[in-house]
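One-letter residues, chain by chain:
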Amino acid sequence: MITASPTVPARERAMPGWLRRVATPKTLIIVVVAGLIGYLALVPLYYLIWGTFFDANGFTMGGFARAYGDPRVGGMIGNSLWFAIGAAVLSLAVGTALAYLNVRTDVPFKGLFFAASIIPLIIPGILYTISWIFLASPDIGLLNKLIEPVLGPGFFDVFTVWGMVWVEGLHLSPIVFLLMVAAFRSMDPSLEESALMSGASRWQVFRRITVPLTRPAIVAAVLIMVVRSLESFEVPALLGLQNGIYVFTSRIYFVLRSYPPDLAAAGALAVGLLVLAVIGVAISNLVGRSSKNYQTVTGKGFRPRPMELGKWRPVMGGAIVVYFFLTVVGPLLVLLYTSLLKFYQAPSTEAFASMSLDNYSELFHISDATTALKNSLLLGVGSATLVMALMAVGAWMVVRSRIPGRQLVDYFSFTPLVVPGLVLGLALSFVYLRSPVPIYGTIFILLIAYCTRYMPYGMRYAVTSMHQISSELEESAQVSGASWWQTFRRVLLPLLSPGLLAGWIYILVVSFRELSSSILLYSPGNEVLSILIFEQYENGQFTVLAALGVVMVLTLAVLVVIAYKLGAKVGLRQD
Amino acid sequence: MLRINNLVKTFDGERRRRHSHAATPEEARVFAVNDVSFNVENGQLFTLLGPSGCGKTTTLRSIAGLERPDSGTIEVGGRVLFSTNEGKKPVNVPANERGLGMVFQSYAIWPHMSVFDNVAFPLQVKKRGDRVSRKEISERVMRVLETMELANFADRQATKLSGGQQQRLALARALVIEPPLLLLDEPLSNLDAKLRESLRYELKRVQRELGITSVYVTHDQVEALALSNSIAVMRNGNVVQLGRPREIYENPNCRFVAEFIGTSNFLSGNVVSKDGDRYTVNTVDGQLVLDSAATLPIGTDVIVSVRPEAVEVSTTSRAGEVPNEWKGTVLTRAYLGDSLDHVVGLGKHELRTRGNPSTSIEPGTTVYLRMDPAKLVLVPVD
Amino acid sequence: MNTAPPLSGRRSGRPAKRAVAAGSALVLLLAGCGGSPTATAPQATTAGGPTAAEKLYAEVNGMTGQQRRDKLVPLAEKEGTLDLYTSMTSDVVDVVIKAFEDQYNVTVNLYRAGSETVLQRVVQEQKAHYQGNDVVETNATELFDLNNEGVLATYDGERRQMVPDAGRQQGWTATRFNLFAPSWNTKLVTPDQAPKTWEDLADPKWDGKLSMELSDSDWYLTLYGYWKKQGKSDDEINKLFEGMAKGAKVVKGHTVQGQLLSAGQFSVAASNYSYIVQQAKTKGAPVDYLPYVQPVIARPNGIGLMKTAKHPAAAMLFTDWLLQEGQAVLVKQGLTPAIVEGDDPLKDVEIIPIDVQELTQHGDEWNKRYDQVISNGEQVEGN
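Residue numbers (my numbering), protein chains in the order written: chain A, 1 to 575; chain B, 1 to 382; chain C, 1 to 383.
Please keep in mind that the hints were generated in silico from the structure rather than gathered at the bench. Backbone N, C-alpha and C define an ideal beta-carbon position, used for all residues, glycine too. Careful: at least some of the hints might be erroneous.
As the list claims (entries may be wrong) - Taking lysine-lysine and the DSBU-like style, the derived pairs with C-alpha atoms no more than 30 Å apart in a straight line are: (1) C:Lys209 to A:Lys342; (2) C:Lys332 to A:Lys342; (3) C:Lys196 to C:Lys368; (4) C:Lys368 to A:Lys342; (5) C:Lys252 to A:Lys145.
What the hints assert, rightly or not - Restraint ranges, calculated between C-beta atoms of paired labels, are given here: (6) B:Asp130 to A:Lys145: 49 to 55 Å; (7) A:Lys311 to B:Asp70: 17 to 23 Å; (8) A:Ala389 to B:Asn92: 47 to 53 Å; (9) A:His365 to C:Ala52: 36 to 42 Å; (10) C:Gln324 to A:Gly74: 54 to 60 Å; (11) B:Arg3 to A:Val321: 40 to 46 Å; (12) A:Leu408 to B:Glu209: 55 to 61 Å; (13) C:Ala58 to A:Leu408: 52 to 58 Å.
Said to hold, decoys possible - A few chain A residues facing chain C, derived, Cβ under 8 Å: (14) Pro108; (15) Ser137; (16) Gln242; (17) Gly244; (18) Gln345; (19) Asp358; (20) Leu426; (21) Ile519; (22) Glu535.
Given these sequences and hints, build the entire structure.
The structure is reproduced here in structure tokens:
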């Protein structure tokens, strides 16, 4: 191949030739995708930065003074990091172990993994946290009641940083699971077998071979989990505040709640988050730099064989059942139990006697319930599809291309993670209220908000998958005479599809929960389910809320099953 | 050295059960290895040869401990690694305690380690009791790397090596612990032809020099013939023939082996007479006399395997002087460098012949084919 | 809800201008919209003289009785729709809207969110000259802010004159009151033990059993002022609040507080809304707030007309209606109406309104002090 890369046109070429070479489908797609990613990321970022550093008199650091001048700021940063890193480590340990067991061993109860990997994502954070209060509060927790005879009252205390780490970590572990499953699926098992043959114990194999080889995926997972925990609001708000444990997000909430919203101080806090996230991305890029060597999906065929656990099989089976009970059955049971009550009370004969389906029939009387369901579905599917389509190309740019400035695409796609939902809502409403295109007041503004919010996750899923596909496969397609677009569509997309599908499902599921920016951007007729949940929450209708939660879990579970089946039908799944 | 007795390994045939009409899971089980037994003598290179799915890799992985057989015994150097003998306590030594060396088809070079670290790993992970000092590790690794001519690349990232070097690295890693038995799973199949050939001899040299007992799995008969002290040809989980390479090539005991090892022409026929070892067989294309140690009654349906190089092609007839002369017409010819093939039409069938490149005959020419009775192989019908 | 930004005196609208400046640059950059940035300053909304809506309001403000309705109804029905932004909970607002729509041929488009969000949205839209709503119904604090932004029109009429003084504010009129009163779990607290006075909450017997809400600084400042008027010294008052905060469980949100009280997470909630507790009680939850600990502290919620209303007649009709027929609807939903006619269930109860004057002027300071009070609680908890 002697032709120069189209993006680096020879200077001496005449203009029409230059144009012809640039206006290839490849360039067009790349420019459009990069433009969209940049646009989605920059709108809220620009708003955030301006609001933080500039006031009527020009540049100011007043926001920082107000945000970080508080004497408790040290404790807040400490708590945030403790909470975020703790939750990330817990979710990473649990999620990775589960993914490994699921993909690489003959562990029993594999059927449970599917539910365990999706359902915690579906349960809205408010409900998940509240169900843990009902389970592990020192005063009313069911678990505490259960073990009281043995360990005394109030053994578990969910209202501590450790409690927050526990709840957040468990809630996040399915995301790690989904990311790591993709990574393990695509790793050549003979790399581990050869270590085993060298005399290494299973633990040595895991530590010295498996972990280093899946490092890009692990790094990506840690990064997402840390930033997500930093950005998480429900858990710190419901569990932390009771004992005065503040984190970044609860501070931002405080600052924004006032009027006029102290954008500068909120922005200063968000910029703090941004700095942490950029450091994280930089570290992950540094760590992942040598990852070209780690591409483990190669053209060579291999058959993954499940490793026999032998005597550990029942132990691991037991651990999985425990995990399943902790993350799925426990919270779901609490939800189900609550949804049948008139008001929440600890289980008793009295409570069971008062059970009825009233809360479910009340759901039918909530105005706009069907509209909200329809809109949520539309937005979930729409944003998941758009984001994954954009990010597939975006990931190619970041991982494969040699386009100058490609790292910017990576950074841009990541920044929405640290823009608080409320700030995003403010920014979007500000822009589209003034946009000549009538987007404000329509469902499209919600679509834009969702795409922006979930872009970072889509990007991580896509990049992780892309890292694991050998460039040889792509090169061989090109050598076969396929154009860039054909290669992308026929070779890369199918190979990426397990990761893309996982990301798609993730976005679909979490979009049902999005509240903080939806609440400012929705308009009459464009209600979504999360708004209904919020309203029930505001009305104090926890029991109806629980019923709504149960219905939502069922709806999404059905959707996800359909997605997987369809995926399997068109050969998306690789196992 | 290595003794395998009555090895059986089945896989759960769940998927097959759904599609066939097998009533129970037992009936649906797929035999990957079905009652396989063989011994490998000290210092020998033993090859498991067969098409994909024949059970050769499963057998090898069972020896390695990566696969758990259903029944049978595996012994290396008198040490029982696996046993399900009735009455005795079952034994199954885990793969990481068997102390065997293995080279994988994909080499399984760890991409996150340097060449040195790859080779040092097996020594580093030794159990507490047999820990090797840092200095000794370094010495032993360098010694092996030198044997494999990789000493200059010790500090290099493993993935920066060429295919052939990676293969030698995989071998070095398997050998560094000086295992009693070396297992090789199609180690040359990912290489190009030229490299494969040179590495084949390299492998043989190393194996001979170190005198290491080896089990080699391949589907490439040329490799098997070139490397092995003995070969077990496998099919559908069974060993169909076990013997020295020459025996296997020259005296396949069934059509499958004859077909699988090298190229062969097969002529079906019927035994019409027998005088000692000399048989006379009637085929559609004519009569053949040949020598065989088999005892087959007159009237048996047989197949005569004719290796292309056992056929002499000539434009002149020597009918009467020698047995087994047939007449035919050259259809095509193919120049192979060190030999030249003719495909000759015999009315109903075609026969492939191989000979010296100096004999090249125009297609369309009438020729006479002469087959040496000693080189024809009588194969029972399967 | 009512937490002011950390710097005092920032409610002048200056930071808003900053946001506008920042935002306008954004607009120019991203949307290519050529609107003049200065024209979007909040005070500028009034610059062009009275709007069409304001003219109508002025005309109707002087009318009374049937004449007023006769004027408004045909106009409103001709407008056909009403765009309402509110922070009323959905169970209440659904009933209110249905009653109004049943009576008049006007369709109500509803946007519902928390009070802060309603405020954010109205301000954002007004700055962009987007006529999103005709009328806004929300908390006092947010209505003050909206009035300061100059987007609310003057409303007057005989119904407004019946609203207590504390509910007749410039730009808005109270429609209902949220009552702050201590509430308790009847399984954990016997009627004898139940608090009788606000001072009782400081009793050490509640240490570890009392819950305080995170954002109730308006309750705090009003109670503080009340005690001050009663002749208590600052020291005494601070001691009382310290006593409450000692071991207190701080909860965000009154509804969560109510749920956790029902579940028995704590025995007493210092300052929950009485209607939330009443709703739980009606369902059979073991909670109570009666007899009232007096004085009950009342936070008004009110309604304001938008100067830029697209449907001014409908807006005015709805306001009139909510202060007249709507009051009965609110009572039915368990809320405390702004206008009491006939028998007053609270006639023997001493009610003091939130000191809105103090709140708007020194809200930040109170906010910080309340934060301080609660964090004392957390320190005790931590040790």
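Now for the hints, and whether the structure bears them out:
no. : hint                             : verdict
1   : C:Lys209 to A:Lys342             : 24 Å, holds
2   : C:Lys332 to A:Lys342             : 20 Å, holds
3   : C:Lys196 to C:Lys368             : 28 Å, holds
4   : C:Lys368 to A:Lys342             : 38 Å, violated
5   : C:Lys252 to A:Lys145             : 25 Å, holds
6   : B:Asp130 to A:Lys145: 49 to 55 Å : 53 Å, holds
7   : A:Lys311 to B:Asp70: 17 to 23 Å  : 18 Å, holds
8   : A:Ala389 to B:Asn92: 47 to 53 Å  : 50 Å, holds
9   : A:His365 to C:Ala52: 36 to 42 Å  : 39 Å, holds
10  : C:Gln324 to A:Gly74: 54 to 60 Å  : 55 Å, holds
11  : B:Arg3 to A:Val321: 40 to 46 Å   : 42 Å, holds
12  : A:Leu408 to B:Glu209: 55 to 61 Å : 57 Å, holds
13  : C:Ala58 to A:Leu408: 52 to 58 Å  : 56 Å, holds
14  : Pro108                           : 37 Å, violated
15  : Ser137                           : 6 Å, holds
16  : Gln242                           : 5 Å, holds
17  : Gly244                           : 3 Å, holds
18  : Gln345                           : 6 Å, holds
19  : Asp358                           : 10 Å, violated
20  : Leu426                           : 7 Å, holds
21  : Ile519                           : 5 Å, holds
22  : Glu535                           : 4 Å, holds
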